[in-house]
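**Q** What follows is each chain in one-letter form.
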Amino acid sequence: MDNLQSNQKITRSPLFKFLMLEFICLVLMISDKNNRVAQPIRDTLSLAAIPLIKIVEWPQELYQIAEIAVSRQARLIEENNDLKERLLDAELKVQQNISLSAENQRLRELLNASQNSPLTTSVAFVSNITQTQNKQQIIIDQGSSDGLFVGQAVLNLAGVIGQVDVLGRDFAHIILITDTSHAIPVEVLRTGLRTIAYGRGDHVFLAEIPTSANIESGDVLVTSGFGGRFPRGLQLAEVDDVSVSPERTFKTAKAIPFAQLNRLTEVFLVWPDQVAVIDASSPQDATVNDQLIEAGTASTTANQTNSEGNNDG
Amino acid sequence: MMAKRSSNNTTFMHLSMLGGVLLTLLPWSPTLALLQPHWAAMMIAYWSLNAANSRVMYVAFAYGLLLDVLMGALLGKHGMSLVALSFLVTKSAKKLRMTSFWQLLMMVLVWLFNDIVIRAAIDWVSYRYQPELIDLLPLLTAALIWPWLKYLMDRTQTSMRLS
Numbered sequence: 001m002d003n004l005q006s007n008q009k010i011t012r013s014p015l016f017k018f019l020m021l022e023f024i025c026l027v028l029m030i031s032d033k034n035n036r037v038a039q040p041i042r043d044t045l046s047l048a049a050i051p052l053i054k055i056v057e058w059p060q061e062l063y064q065i066a067e068i069a070v071s072r073q074a075r076l077i078e079e080n081n082d083l084k085e086r087l088l089d090a091e092l093k094v095q096q097n098i099s100l101s102a103e104n105q106r107l108r109e110l111l112n113a114s115q116n117s118p119l120t121t122s123v124a125f126v127s128n129i130t131q132t133q134n135k136q137q138i139i140i141d142q143g144s145s146d147g148l149f150v151g152q153a154v155l156n157l158a159g160v161i162g163q164v165d166v167l168g169r170d171f172a173h174i175i176l177i178t179d180t181s182h183a184i185p186v187e188v189l190r191t192g193l194r195t196i197a198y199g200r201g202d203h204v205f206l207a208e209i210p211t212s213a214n215i216e217s218g219d220v221l222v223t224s225g226f227g228g229r230f231p232r233g234l235q236l237a238e239v240d241d242v243s244v245s246p247e248r249t250f251k252t253a254k255a256i257p258f259a260q261l262n263r264l265t266e267v268f269l270v271w272p273d274q275v276a277v278i279d280a281s282s283p284q285d286a287t288v289n290d291q292l293i294e295a296g297t298a299s300t301t302a303n304q305t306n307s308e309g310n311n312d313g
Numbered sequence: 001m002m003a004k005r006s007s008n009n010t011t012f013m014h015l016s017m018l019g020g021v022l023l024t025l026l027p028w029s030p031t032l033a034l035l036q037p038h039w040a041a042m043m044i045a046y047w048s049l050n051a052a053n054s055r056v057m058y059v060a061f062a063y064g065l066l067l068d069v070l071m072g073a074l075l076g077k078h079g080m081s082l083v084a085l086s087f088l089v090t091k092s093a094k095k096l097r098m099t100s101f102w103q104l105l106m107m108v109l110v111w112l113f114n115d116i117v118i119r120a121a122i123d124w125v126s127y128r129y130q131p132e133l134i135d136l137l138p139l140l141t142a143a144l145i146w147p148w149l150k151y152l153m154d155r156t157q158t159s160m161r162l163s
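The listed protein sequences derive, respectively, from chains F and L.
Letter 84 of the first sequence, counting from 1, is numbered 84 in our numbering, and no numbers are missing.
Letter 93 of the second sequence, counting from 1, is numbered 93 in our numbering, and no numbers are missing.
Chain F on its own, in the form it takes in the complex (with noise of 0.2 Å):
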């Protein structure tokens, strides 16, 4: 009977309840950054913090509608010209593509070089919502449940924005390519220099060039493919400044990114072609898999020499 009081004033103690709770967020913590096993939590308590966004997005989607509504005419019809400017200069530039697009499908047919399937994107609209953490992240209205996936490359318009990088039920945050810990393998456009382009803030860097290579302020960036997760030549940066490394083992270099990372509105998600969707599914597929390469032989013939081309790329 004794026993059992003094273990009741424990657990009631002040100082259990910490150590037991502290305890809980370690847990907590290992788990999500080791392997995942806390997204089930997280998906559950996001259903939660979805409220809480609605109602800090509201009033700027009330004042949205209200700008529209109160905006003078003259400006919708100067706003409506320009665009259409700048559609009739798009149709243009896709006209031209149309023939080079032909051209380079021969070039490819005469190489023996795989074809380069076009992007499948979806579309996603940025949460204008202050994030406290010291990374640089912006949330978008999309999560788990339209199957974004931990990793998937997010473009703009002008160009690579970043990855996801944590999913939430209906929301996801995307880490940007100019935060600290932010990585990317990269290209240069005009010598196919290949490296990797570390995050700074406001900008990239190129730290790891060798100095012999050929490289110059007005280089274009392009994402080299490399790793799987963002898929080959989309534009990221500019190279603003170039230099030697303090101990003068190697060059590095500044780029400054295309997009506008401070100013977004609306992101693509970049979906993984149906090939790469086959050769990355895991032992427990392999069913399907077999079932698939008994439906076409040829179909997986274009696989193997897809991947094979990929390589080579």
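The hints are simulated quantities; they were obtained by calculation from the structure and are not laboratory data.
The structure displayed is predicted, hence computed values, not measured ones.
Be aware that one or more of the hints could be misleading.
With a straight-line cut-off of 25 Å between C-alpha atoms, the simulated DMTMM-like cross-links for lysine to aspartate or glutamate are [to be verified]:
| # | chain 1 | residue 1 | chain 2 | residue 2 |
| --- | --- | --- | --- | --- |
| 1 | L | Lys94 | F | Glu67 |
| 2 | F | Lys54 | F | Glu67 |
| 3 | F | Lys33 | L | Asp135 |
Short, incomplete list of chain F residues facing chain L, as computed with Cβ under 7 Å [stated by the list, open to error]:
| # | residue |
| --- | --- |
| 4 | Lys17 |
| 5 | Asp32 |
| 6 | Val126 |
| 7 | Asn128 |
| 8 | Val166 |
The beta carbon of each residue, even a glycine, is placed where N, CA and C say it ideally should be.
Use these hints to put chain L onto chain F, whose structure you have.
**A** Okay, now just chain L, sitting in the frame of chain F:
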């Protein structure tokens, strides 16, 4: 009568906590965002001091997890710092009610500093974040806001008790 009053108080506590979380989420201009105090931590400090009850720790834990999900942080990061804050305040709450205004303000700043340190440490462990002096700016605004916040919350509670 007592039960009603305490339930009223609990509602007010949750409302103020939600208000704190919302204030954190509101989009400010980048300069103001740097000065943004940790509202939720200030609310937890106030309620731990006011209630002097270790139950506030559970509240701190729950809202910490909510903040983690909203901020895309490691699950448990805000929870850990807020629970620690709540524990420290609860431990000395009864003594602190007697202290002078300035002493209390100093103590609040120390608690909030501790909160910042815990979060910076977790960031450092999880992705090698290098802390900067700028991270301490929110303490300055917290020092300016705390007296008004305490006064406002005390007044609201008093008027609720009277009505």
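**Q** Would you mind marking each hint as holding or not holding in the structure?
**A** So, going through the hints one by one against the coordinates:
Using a Cα cut-off of 25 Å, the hinted pair Lys94 (chain L) and Glu67 (chain F) is violated, with the two alpha carbons roughly 52 Å apart. The suggested pairing of Lys54 (chain F) with Glu67 (chain F) holds, with an alpha-carbon distance near 20 Å, which does not exceed 25 Å. Only pairs whose Cα atoms come within 25 Å are accepted, and Lys33 (chain F) paired with Asp135 (chain L) is accepted, the gap being roughly 24 Å. With a cut of 7 Å, the hint placing Lys17 (chain F) at the interface with chain L holds, because the nearest CB-to-CB distance is about 5 Å.
Interface hint at Asp32 (chain F): satisfied, since its Cβ lies 4 Å from the closest Cβ of chain L, which is below the 7 Å cut-off. A cut of 7 Å between beta carbons decides the hint on Val126 (chain F): the least distance to chain L is about 11 Å, and the hint is violated. Given hint, Asn128 (chain F) at the interface with chain L, holds; its Cβ is 5 Å from that chain's nearest Cβ, closer than 7 Å. Contact between Val166 (chain F) and chain L, as hinted, is supported at the beta carbon level, the nearest pair being about 4 Å apart and thus within 7 Å.
Violated hints, listed in ascending order, are 1 and 6; each of the other numbered hints is respected by the structure.
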